[in-house]
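A.B. asks: If you want the building blocks of each chain, they are given just below.
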Amino acid sequence: MTNMAEDLKAEAPFAKAGLAPAEGRRRTPGTGTRGSGQRKRSTRERKARTTDTVIYAVLAVLVVALMVPFIWMVSSSLKENNQVLTVPIQWIPSEFVWSNYTDIWTRIPMMGYLQNSLYLAVIITCLQVLTGSLAAYGFSKVRFPGRDVLFLAYIGTIAVPWQAYMVPQYIMMQNLGLTNSFNALILLQAFGAFGVFLMRQYYMTIPDELCEAARIDGLSEYGIWARVILPLSKPALASLALLTFVNTWNDYMGPFIYLTSNRLWTVQLGLRSFVGQFDAEYAMIMTGSVISVIPILVIFLLGQRYFIQGIATSGMKG
Amino acid sequence: MTTKTLPPVAPAASRGNRKQARRNTLIGWTFILPNFLGFLAFTLIPVLAAFALSFMEWTSFTAPKWVGLANFQRMLASDTFWVALRNTVAYALGHVPLTMALALLLAMLLNRKLKGIGFFRVAIFFPYITSLVAVAVVWNMLFSPDSGPINQFLHSIGIAEAPGWTSSSDWAMPAVIITSVWRDMGYYMVLYLAGLQAIPNELYEAAEVDGASAWQRFWNVTIPSLRPTTFFVVVMLTVSSFKVFDLIVVMTNGGPGRSTTVLSQLIYQEGIGEGKFGYSSAISLVLFLIVLTVTVLQFKIQQRRER
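Protein chains in written order, with the working numbering: chain W, 104 to 421; chain Y, 31 to 337.
Read the hints as simulated data drawn from the structure, not as lab findings. Bear in mind the structure is a predicted one, so any value in this text is a computation, not a measurement. Don't be surprised by glycine CBs; every beta carbon is placed ideally from N, CA and C. Be aware that one or more of the hints could be misleading.
Taking beta-carbon pairs under 7 Å as the criterion, some of the chain Y residues facing chain W (in silico) [as the list claims (entries may be wrong)]:
id	residue
1	58
2	164
3	310
Looking at chain W on its own, in the form it has when it is part of the complex:
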């Protein structure tokens, strides 16, 4: 019983992808006797298994090909400098130079860069999630005049390329005396419209009856937000938090425009400047790249479900 159900499920995606014509044709009505049916089922199983193997092989080759840049990055980070760009390519270092990973901390202030990136990413993520989920509640669960017009203004600005208004932003920050400080980046990035949009999309799927019931139970709107909606929206909160964290960690242009002194630099700026200064230190550059990617990899592996859900939610209902 369960097996059959699984079989059906397993078949569906093949049919969807339109890549398994043989199976479909066999299911058409009026195919021969019972005996031939049995024979066909066994050929069909064999065929399905062969298709699986082929698909696995194709996928494995594909993924390895797509991962080449990462493989190259890790491999080069463990080489001597003159071993990086060799003919022919050495995929596995002849000698593992682990000292790259101990030397980099003294070559550039990597620890400081990591701390700066972490500080910015944590503050911006917390503010974005808090203000985003509050505003999303206002936009989805409280009815008041002007609400939808205001939300349109939010959506409208998502469509405006950031580059189109970075100059006025910069002038503003300059006048506030906030250039070359973390505060500029925090103010610019913590109140994004995208977070409000993502959370609202999720809150719209929570039935209003739940809020209504809580209202009758005497909960205030703030109580409903804190005790009913927030616990229900954990997946969306996780999506938003992870996406914001990764975006802030990876951001290059923001820090590039606003942070001029070395002690404020993020990992991205530090790495870029290292490449600019010592462009022949291939191995050490790759070591720095690996270190800059590791935190993202860890976070991604812990919460990959939420990344993909977040993208699917914000994407499909847009």
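Here the structure of chain W is known, so what remains is to put chain Y in place on it, guided by the hints.
C.D. replies: Just chain Y, lined up with the frame of chain W:
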């Protein structure tokens, strides 16, 4: 009797409603306010200011002065503007179709229930969230003209004169496009996967009963059913192509020469680099109008198809 009781009730109720409405407005705004203040000050006002600034002459050294269309005239006469516009369009023409086709292909390959399929999806998605600096730095080395792995591979399959990639003004843009397609396709694959999973299986079964081949089913069931996803993907891709900025800054910084200079970079150079606030805002407005036009156009096409 009813006529006597009715009048007093109605105003009371509407007064109650009005009170409730006022209360709701207050509550609604307290929820929105923390985000809205930041949004107003650092997004909405700058967006509006960008429009106004594009009609003003304003540099770091002079006071703002209304000059009408002078900034636009200067822009249209500027050679660099046209080069940047052409490069941006070239980038979009490469990036949009390639990313879309590969994302769809990957999504169709990965849209099946197999053990460990999640691993493949995650692996293909990962480049999208890898930091751009690391991506640009690695690809720059892969593209290294003499002994980079890509040219070594090209040599090994018999291409004697492999391109110079980022050191050649003809090949720098293709190199940037390849890198960005590699980075972005995982993201759009996720969107396409969601789209594919929303197609009802009955459609395929019906097509099979009608004797449609796999190819016919792809063209007549999959592609039409994916139209809303494709619309969204095209708009997102086009918008992101016209905004391309950091990848180019880190990978080629617009060079060699001006061969990869794009509009966003020009805005940055003129506005923040040289402090020509008015002039750079005029370029921003063009960038915005292009993005807007593409979005509206796509929207119209989508609507016409639905009809």
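A.B. asks: Can the hint on residue 310/Y be confirmed by a CB-to-CB distance to chain W that is less than 7 Å?
C.D. replies: holds (5 Å)
A.B. asks: Given residue 58/Y as an interface hint, is the shortest Cβ-Cβ distance to chain W below 7 Å?
C.D. replies: holds (4 Å)
A.B. asks: May I ask you to test the interface hint for residue 164/Y with respect to chain W, counting a Cβ-Cβ separation under 7 Å as satisfied?
C.D. replies: holds (4 Å)
When the structure is compared with the earlier hints, no violation turns up for any of them.
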